Amino acid sequence: MMSGGVRKGFMANLAVAVSVAAYGSILGVLAAQKQITWVALLAMNLSVFAGAAQFVMVDLWLPPLPIAEITLAVLVINFRYLLIGASLQPLFEGKSLVHKVLMMHLVADENWAMTMAERRQGGASTHFLFGGGLCVLLAWCLGTLAGHSLGAVVQNPEAYGLDFVFVAVFTALVTTLWRGQQDLTPWLVAAATAILCQQLLPGKWYIVLGGIGGALVPACFPSKGAGDPEAKPA
Amino acid sequence: MTTLSLDTQVLITIGCAALVTYGLRLGGLLLASRLPRSGGWKRFMDALPGTILISLIAPGIVSAGWWGGLGALATAICAHKTGNVILSMVLGVAIVALQRQW
Numbered sequence: 018m019m020s021g022g023v024r025k026g027f028m029a030n031l032a033v034a035v036s037v038a039a040y041g042s043i044l045g046v047l048a049a050q051k052q053i054t055w056v057a058l059l060a061m062n063l064s065v066f067a068g069a070a071q072f073v074m075v076d077l078w079l080p081p082l083p084i085a086e087i088t089l090a091v092l093v094i095n096f097r098y099l100l101i102g103a104s105l106q107p108l109f110e111g112k113s114l115v116h117k118v119l120m121m122h123l124v125a126d127e128n129w130a131m132t133m134a135e136r137r138q139g140g141a142s143t144h145f146l147f148g149g150g151l152c153v154l155l156a157w158c159l160g161t162l163a164g165h166s167l168g169a170v171v172q173n174p175e176a177y178g179l180d181f182v183f184v185a186v187f188t189a190l191v192t193t194l195w196r197g198q199q200d201l202t203p204w205l206v207a208a209a210t211a212i213l214c215q216q217l218l219p220g221k222w223y224i225v226l227g228g229i230g231g232a233l234v235p236a237c238f239p240s241k242g243a244g245d246p247e248a249k250p251a
Numbered sequence: 011m012t013t014l015s016l017d018t019q020v021l022i023t024i025g026c027a028a029l030v031t032y033g034l035r036l037g038g039l040l041l042a043s044r045l046p047r048s049g050g051w052k053r054f055m056d057a058l059p060g061t062i063l064i065s066l067i068a069p070g071i072v073s074a075g076w077w078g079g080l081g082a083l084a085t086a087i088c089a090h091k092t093g094n095v096i097l098s099m100v101l102g103v104a105i106v107a108l109q110r111q112w
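For the protein sequence lines, the chains are C and R, in the order given.
One rule links them: number in the working numbering = place in the first sequence (from 1) + 17.
One rule links them: number in the working numbering = place in the second sequence (from 1) + 10.
These are calculated hints, taken from the structure and not from any lab test.
Please note that a few of the clues may not be correct.
[Said to hold, decoys possible] Capping the alpha-carbon separation at 30 angstroms, the derived lysine-lysine pairs in BS3-like fashion look like this:
#1 C:Lys-25 x C:Lys-112
#2 R:Lys-52 x C:Lys-117
#3 C:Lys-25 x C:Lys-117
#4 R:Lys-52 x C:Lys-112
[To be verified] Now the stretches of chain C that chain R is said to cover, found in silico as 3 or more residues with beta-carbon under 8 angstroms:
#5 30-43
#6 121-128
#7 183-195
From a predicted model like this one, the values you see are computed outputs, not experimental measurements.
The beta carbon of each residue, even a glycine, is placed where N, CA and C say it ideally should be.
The task is simple: from the sequences and hints, build the whole structure.
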């Protein structure tokens with residue numbers, strides 16, 4: 018069953034899988050602190066399979082679970098998958114709908130990036146993409162479950178700053194998304210909207226409202242003289 | 011609203027999150043030729059990942075106080091210089107944790 022393409026994709030993602038596992042172990046520790054069982058965490062890994070969204074799910078996890086808030090937050094955070102999915106269309110040219118339905122579930126940021134890089138060399142296939150997905154999924158499950166068993170024995174998480182891990186992870190991630198001066202106003206608007214909404218509204222609606230508020234700035238006011246933002250180096 | 015057992019809540023929450031995520035993955039592929047490639051909608055979509063993450067962390071940094079702000083700043087500078095997410099995260103958390111040990 019394991020075709021050459023799948024194997025090749027799996028091997029190509031091994032290096033990045035190490036960082037996926039490390040990142041996953043942090044999520045596992047946080048999930049254990051929230052009393053999420055390892056079965057639920059594994060189910061989340063296999064069915065949702067999206068790092069940033071799972072961090073937010075765990076952060077919002079407080080029984081009775083705010084199902085609508087969590088779903089909406091996941092929708093907005095994973096909106097980029099619409100673009101990622103669209104970018105894979107040339108790779109899936111001529112494939113059947115069943116093939117598309119089966120192969121698209123295991124698309125994560127990491128194996129997608131690997132596939133796009135491989136495609137420039139002319140070697141990518143949907144099997145390569147899928148093999149990479151299997152590799153990332155395996156690392157993600159091993160990392161999160163290892164972290165989960167570790168997190169269950171930590172007695173006093175605040176003393177180790179574990180409550181700050183969530184903020185620190187996303188601060189580091191957002192820094193890598195900075196595209197330049199054009200992002201300054203949208204990001205300030207997003208921060209101000211989020212802080213204000215958190216004070217005024219119940220629950221975690223501030224995440225969605227801040228994100229949309231900030232992204233509306235470039236949508237309504239294209240930056241002058243910036244031209245095509247993609248032409249600028251990151 | 012009727013109260014659901016915790017297991018049912020967990021099942022529904024994970025199920026909804028999975029459906030939404032898979033829907034976006036497959037939807038993007040199937041709708042590829044119909045998604046706008048320029049204009050306001052495109053700029054909105056391009057800006058969204060960054061603004062969402064900012065909204066996630068901004069209230070958390072404010073409520074963590076001065077040391078939280080310092081930890082976040084150190085994390086951001088380290089991530090910008092090294093590009094290493096894990097290392098930057100550890101640095102920020104270490105600053106907050108050390109201050110609490112005092």
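Hints breached by this structure: none
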